[in-house]
Amino acid sequence: MTLKFGVILPAGSAREQLEQAVLAEQSGWDGVFVWEAAYGVDAWSLLAAMAARTSRVRLGTMLTPLPWRRPWKVASQVATLDQLSGGRAILGIGVGAVDAGLPATGEPTDLRERAAMMDEGIDLIRALWSGARTFSGSHYTYAVGSDDLSEAVRPVQERIPIWVVAVWPRLKSMRRVLRCDGVIPGHSPSPETTRELRAWLTEQGSTADILAEGETPAAGGAALVEPWAEAGCTWWMETRWQSETKHEIRDRIAAGPPRS
1 MTLKFGVILP AGSAREQLEQ AVLAEQSGWD GVFVWEAAYG VDAWSLLAAM AARTSRVRLG
61 TMLTPLPWRR PWKVASQVAT LDQLSGGRAI LGIGVGAVDA GLPATGEPTD LRERAAMMDE
121 GIDLIRALWS GARTFSGSHY TYAVGSDDLS EAVRPVQERI PIWVVAVWPR LKSMRRVLRC
181 DGVIPGHSPS PETTRELRAW LTEQGSTADI LAEGETPAAG GAALVEPWAE AGCTWWMETR
241 WQSETKHEIR DRIAAGPPRS
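Numbering (the numbering used here), first residue to last: 1 to 260.
Heads up, a few of these hints could be off.
[Unchecked claim] Listed next, the in silico SDA-like pairs over lysine to any residue satisfying Cα-Cα at most 20 Å (straight line):
id, residue 1, residue 2
1, Lys73, Gln83
2, Lys4, Ala254
3, Lys4, Thr239
4, Lys246, Thr202
5, Lys73, Ser138
6, Lys246, Gly12
7, Lys4, Ala229
In case anyone wonders, no lab produced these hints; they're calculated from the structure.
Full structure from sequences and hints, please.
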């Protein structure tokens, strides 16, 4: 499998991140992904602007905490981005991180409940993208009347990729992956565990993407990502979660992906 290279933009104003996305496409990156915060620069408005200023890179969130969003709204946002970008949207989802940085908004925090909401949210989003007018589940109910807009918002891609956070080898996590199109590995994976995950996916008949993430230097980073490619990863995500200046981030993006 050919390894693709994405860059996750850590922060900055909307205009700064937009310019970073344009630079990333010019510098040979394959994807640009943005953080979806509870309050901050709106991810989907930002991605729509990126779609208008780029022509090749894949665009998406890394990631959307689906249980804390209305799935029909997410479906609309992703489908709109897919239209504006000509079929380049990717949706990255997880249950949401419960930590000291989580605002007190009254959203559910029980892990089992959030997992169930995410599973149902995936089904509802897929149903809407396929043109369904109704959905009934334990957590979500959706129905439209005569003014159905499903055709107007139909995605360009026949199947927009959904990448989901999962932990190998937890069976429930893995079953969820089989309903999606990519794995965002949790709990600090290694090339060895990634190789096991790829073997299992192959046994199940799945060609789902597997992501790896980390930091590489501006030069000589290919050796750092090679073990992940050999283990079966299909995307390397360049991250800069540690505090760095916007100039340092821009310089790393400009240097291009760590290809051999």
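**Message:** Need the list of violated hint numbers for this structure, in ascending order.
**Reply:** 4
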